[in-house]
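Enquirer: So the chains spell out like this:
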Amino acid sequence: MVDGACLELVGKHETSREGEAEAERALIRRAQRGDRSAFDTLVRLYDQEVLRMTLRMVRSEEEAQDLYQEVFLKVYRSLGRFRLESRFSTWLYRVVTNVCFDHLRQQKSRSELPARAGADGELDYAQALADDRPGLNPEQALRAREISRRLEVALRQLSPRERMVFELKHCQGMKLRAIGELCGTSEEAAKNSLFRAVQKLRQDLSDLV
Amino acid sequence: MNCDDLEKTSSLYLYDELRAEDRAAFETHLASCAGCRTRLEEARRLHRVLSECPQPEPTPELLVRCRQALDEALDREQLGWRGLLRGWMWQFGAAPAPRLAAVLTLLLFGFGLGWTLRPRARSLAPLTLSGTTSPFGASDLGDVRIRHISEVAPDPQSGGVRITLDAERRVTLEGSLDDPRIRQVLVDTVRGYDNPGIRRDTLDALRTHRDNPSVRAALLYALRHDANAGVRLEALKTVRGMQWGPDVHQALLGALEHDANPGVRVAAVDALVEHAVEEGENETVMPVLLKLAASDQNPYVRLQCLAAVRKMEGNEQ
Ligand SMILES: [Zn+2]
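Order-wise, the sequence lines are chains A and B.
Its first residue numbered 1, the first sequence is counted upward by one per residue in the working numbering.
Its first residue numbered 1001, the second sequence is counted upward by one per residue in the working numbering.
Don't read these hints as lab results, they were simulated from the structure.
Calculated cross-link-like contacts (lysine-lysine; reagent style BS3-like; alpha-carbon spacing at most 27 Å): (1) B:1291 - B:1311; (2) B:1291 - B:1237; (3) A:175 - A:200; (4) B:1008 - A:200; (5) B:1311 - B:1237; (6) A:175 - B:1008.
A few chain B residues that don't get close to chain A, going by computed Cβ distances all over 10 Å: (7) 1030; (8) 1245; (9) 1254; (10) 1283; (11) 1288.
Ideal Cβ placement from N, Cα and C applies to all residues, glycine included.
With the rest of the complex left out, here is chain B (with noise of 0.2 Å):
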């Protein structure tokens, strides 16, 4: 190896890329040039350099935020006509069980119609839905997410088509949130639906009835066991809010103590010594703060921990 094989492979060497025999090569030439050592030397340096740059991190909110936009996108990619084809051609797949679902009967006229079916398609029409008495319209498709396709039955006579298909229909409820119907299906989303933006927005609308029994449940609950850290850390700005409780105090506790993400963390140590200050009882928090400030694993929780523990202290004296 020569000094510009080494200045090509520098790099390679300290990503540790070298096959072992060229390491070797590399090293006995570098024991033996002043040169290559200084130069390496540099490009060590710039190695370092780029490594005290800090990688970007997702933040829980740009996930949600992802997921969300991608929902809707993909509802939009099945209502269209790319997912009505798919539809059919995975029509002998097992369904899911669905959970909205409603059989209905569309009856196309003009075959060809069939495939440039899209939410509010204004060529298609009419349409009939069976077992209800309303007309379904055209525009009525939009509210339609179609699942499963089990029947498509052209009719050569009328040059019409029945199609069979079980579809969820897309229903609005509006309400007060004083109405306990309302107030249970915000409750039934926050505790197990799977989009996290819903549930998030849904922590939102629950906001201002938070000391109601059922939605302080859910809360809680959400605070507790959400599988999204952007959900958690919104259940813990609406739950420090709320009546202060044994119920609170534990679940602050818990997720200081237990929530895999730092964010929620941190904030649960505001919390705990805002309160803990107000109220000038420390002697449960206090230990965990004491914990946390030695044993955390972030730095920044660490850092913040320590700080509360300051501030506490202060505070007594």
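Pulled out of the complex, with its shape left as it was, chain A reads as follows (with noise of 0.2 Å):
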């Protein structure tokens, strides 16, 4: 389940050497007096793995846009803010989460019924990605298809702060300390929620078992 490109997002600017350090320093600088390509240029090295955190946060394209969308316009409003002391992908990702946090927040108080996880339309896309994978024979596809759906609508039971920790673990492969560091919370805080979230998802899931 933890993939490489999940654990690159921990470790990616750890191992960075220096020389690229500074110059994303020079970069931030550069957008932060308003250069809109040095904006640009910092909004590539990070979209896509914002991308994919907003994809595996919301399962769906449409919402993942707006959320890209919308952590990249608070990165431009606020990045005169930032100080260039602390580490840009871990202000990044806190945004990421913030916003994450915000719509899942939202949704959840729109819908509080279950009423969505039914409808057809919001499947399609843990199909197509069923689908679409590789390898599998028709059994498997179909296993997998069927978990997918199943997971998805668990995964709305879940309180939003359990649904990030939950992604941030099990889909990005994030230590609980960083993840509790994003949320803004402690590690035993983010321990609690995961602990709780795989509880709810035992039960909902427990048939499949």
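Could you fit the two chains together into a complex? Lean on the hints.
Expert: In structure tokens, the structure reads:
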């Protein structure tokens, strides 16, 4: 489950050379002075990872696109306040986490009823996804599709915080300490959220196990 | 550690999030408690089921759409009052050398109005543009992207203010693709413009003239060198419809062997095999397909290469 790309998110800038970090700071400085092309370059450095995170968090291309835009507009508007001593990636991923968290919270309050879960259109994405995976025989493909569909529904039953922590842990392969930092909470609180998320998923998916 | 603790920490154990001493205690209890072993096995099965679930991966097309929409949103942002405000705050910073920059002097009457400067703001007039003879109406601001403000000089006598700034003016070119100047703009866009969404639209526009030598070269260039996989894929589709030649053949082989994106590699397989089957020539394609069927890092690409090999072999017999 923890694929290379996920780990890259955590390790990318710890291993990068000082030269790269300096180049990035120069880029940020230019962007802070209003240089649009520098800002665009900065976006290109990180936007694939940001899109992957938002997509995994909401599992809908349309919503992921909205969140992507919201993240980078926020970054654009507040870049002036970013201090160059801090690590840009951490700051950026915190913005991503906040934007996704707010979105999940609004979504939750809009549809307290799990009615959306049954709507056909909602599940297209999971199905398309399962269909596309190469190398599976038909039964495996069918099962993967079924699990996707059920997981999709089960994830909607989690609280926004539980869902965030679960997605960051399970899909992004991040360490709980880092997740706590991103979500502005303690490692202990992140552990509790993960525990509750897994408990709920276990209940919802018990017949598949 | 007792059975309750174990229950609480089994996820952490499976995600390898336990500290070494907790892990050791966990395993010690596990060794002596059959009930907990069973429960952990269940937890492990759930873990495995969740791991079977495919993770959403953004497609190149989605990325292109996102970038394009963001680009437009940032344009609006820069033109709006926020952008102007920011421009003022950063006026001491160095501005980048603008590509299509024109120096505009705007005369605004009423200093306060400057803060409500928005594209198409109705209350904002009159404006004059120095250096040109045509009057510069308020609506024209919608076409201007402000890059740098070098002077803001209020005039206490008139109550107006003079703003000197560098701005890019949006121009619209319309013409036929038969016009070499239009083609040149498009070719330059394909080769060097930094917005991938625009590059992709440009490929689309060039499709009808793909066998024009300079267009052809630009399309092959995009297939080989574009940084964006969605654009490369689009270029590949267009290249497929070109008159076949060694240049096309080489570019497709290059994409098959070296493109970082599995979607592009698979599309290259299709294109090459289609042509090879039609023309009955496969001595250059076959070895590459065999190699990739065995060694491509992506299982789907390996599968497609294998299927292609079978298809070509079947065709030979
Ligand atoms: Zn026990």
